[in-house]
Amino acid sequence: MYSQILRLWMLVALLWMPFLVFAAADLEINTPAIGSLKMTMQQRHDQLAGHYASGAVGLTHDGLIAMRDAALVPLAQRQAVNGLVAAENQDRQALYREIARANGHPEWEEEIRTTFAQRWVQKAASGWWHQNHAGAWVRK
Amino acid sequence: MRTLPMAMAVLLAATVSACVTINIYFPAAAAEKAADKIIDEVWQLKKQGEAPAPAKPDEQK
Numbered sequence: 001m002y003s004q005i006l007r008l009w010m011l012v013a014l015l016w017m018p019f020l021v022f023a024a025a026d027l028e029i030n031t032p033a034i035g036s037l038k039m040t041m042q043q044r045h046d047q048l049a050g051h052y053a054s055g056a057v058g059l060t061h062d063g064l065i066a067m068r069d070a071a072l073v074p075l076a077q078r079q080a081v082n083g084l085v086a087a088e089n090q091d092r093q094a095l096y097r098e099i100a101r102a103n104g105h106p107e108w109e110e111e112i113r114t115t116f117a118q119r120w121v122q123k124a125a126s127g128w129w130h131q132n133h134a135g136a137w138v139r140k
Numbered sequence: 001m002r003t004l005p006m007a008m009a010v011l012l013a014a015t016v017s018a019c020v021t022i023n024i025y026f027p028a029a030a031a032e033k034a035a036d037k038i039i040d041e042v043w044q045l046k047k048q049g050e051a052p053a054p055a056k057p058d059e060q061k
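Each protein sequence line maps, in turn, to chains A and B.
So in this note's numbering, spot 14 of the first sequence is number 14, and the numbers just go up one at a time.
So in this note's numbering, spot 59 of the second sequence is number 59, and the numbers just go up one at a time.
Among the clues, some could well be false.
To be verified - Derived EDC-like pairs: lysine to aspartate or glutamate, alpha-carbon spacing no greater than 20 Å straight-line:
#, chain 1, residue 1, chain 2, residue 2
1, A, K123, A, D91
2, B, K33, A, D46
3, A, K140, B, D36
4, A, K123, A, D62
5, B, K46, B, D36
6, A, K123, B, E41
7, B, K37, A, E28
8, A, K140, B, D40
9, A, K38, A, D69
10, B, K46, A, D62
11, B, K37, A, D69
12, B, K33, A, D69
13, A, K38, B, E41
14, A, K123, A, D46
15, B, K46, A, E109
As the list claims (entries may be wrong) - Quick look at which bits of chain B chain A covers, simulated, 3 or more residues with Cβ under 8 Å:
#, segment
16, 4-12
17, 34-44
Since the hints were derived computationally from the structure, they do not count as laboratory data.
C-beta: ideal position from N, C-alpha, C; glycine also.
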């Protein structure tokens, strides 16, 4: 009788193992939605990189980007760069939302955004501009 | 003696709730790792196979 219960218990414990392992593993970032966001952002980066370097565009403290000094962009290009910034921000918001959703916790979106905000700045090249916690522009 | 099945039920409940608890807290380290991986790809900071090649002063002539 008891050995039967014990066997059942062990079976139940075994069934839970994958969940325990999964909980300790990495975040899921290999979904089609995240993959396509990454690709469009990568392509857009070729156009944005020069503006990060010039200081026209900077990294905000909430994980997005913003036009920091429009005067650094030739007037003819200004509209296009504004468009790039808006598109990039839309993709970034979608990226944070998708990562949270892919991991079954939509409420993690803000924490994921905060994590990204720190990591973008950490990985930015020196000379690029970013906002500090108070929202002031700082040159890296 | 019905305590053993009872104890097992309690243990099972504890295990299940532990699994839920683990997932409720935001996995900060895993998120950082995921962010780094995505940023490296978007900004192409680590090109696979290629050495960073910081302008080698390889004067051939």
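Checked hints:
{"no.": "1", "hint": "A:K123 - A:D91", "result": "holds, 19 Å"}
{"no.": "2", "hint": "B:K33 - A:D46", "result": "violated, 24 Å"}
{"no.": "3", "hint": "A:K140 - B:D36", "result": "holds, 18 Å"}
{"no.": "4", "hint": "A:K123 - A:D62", "result": "holds, 15 Å"}
{"no.": "5", "hint": "B:K46 - B:D36", "result": "holds, 11 Å"}
{"no.": "6", "hint": "A:K123 - B:E41", "result": "holds, 12 Å"}
{"no.": "7", "hint": "B:K37 - A:E28", "result": "holds, 12 Å"}
{"no.": "8", "hint": "A:K140 - B:D40", "result": "holds, 18 Å"}
{"no.": "9", "hint": "A:K38 - A:D69", "result": "violated, 26 Å"}
{"no.": "10", "hint": "B:K46 - A:D62", "result": "violated, 25 Å"}
{"no.": "11", "hint": "B:K37 - A:D69", "result": "violated, 29 Å"}
{"no.": "12", "hint": "B:K33 - A:D69", "result": "violated, 32 Å"}
{"no.": "13", "hint": "A:K38 - B:E41", "result": "holds, 7 Å"}
{"no.": "14", "hint": "A:K123 - A:D46", "result": "holds, 16 Å"}
{"no.": "15", "hint": "B:K46 - A:E109", "result": "violated, 26 Å"}
{"no.": "16", "hint": "4-12", "result": "holds (count 5)"}
{"no.": "17", "hint": "34-44", "result": "holds (count 11)"}
The structure fails to meet hints 2, 9, 10, 11, 12 and 15 from the earlier list, while all remaining hints are met.
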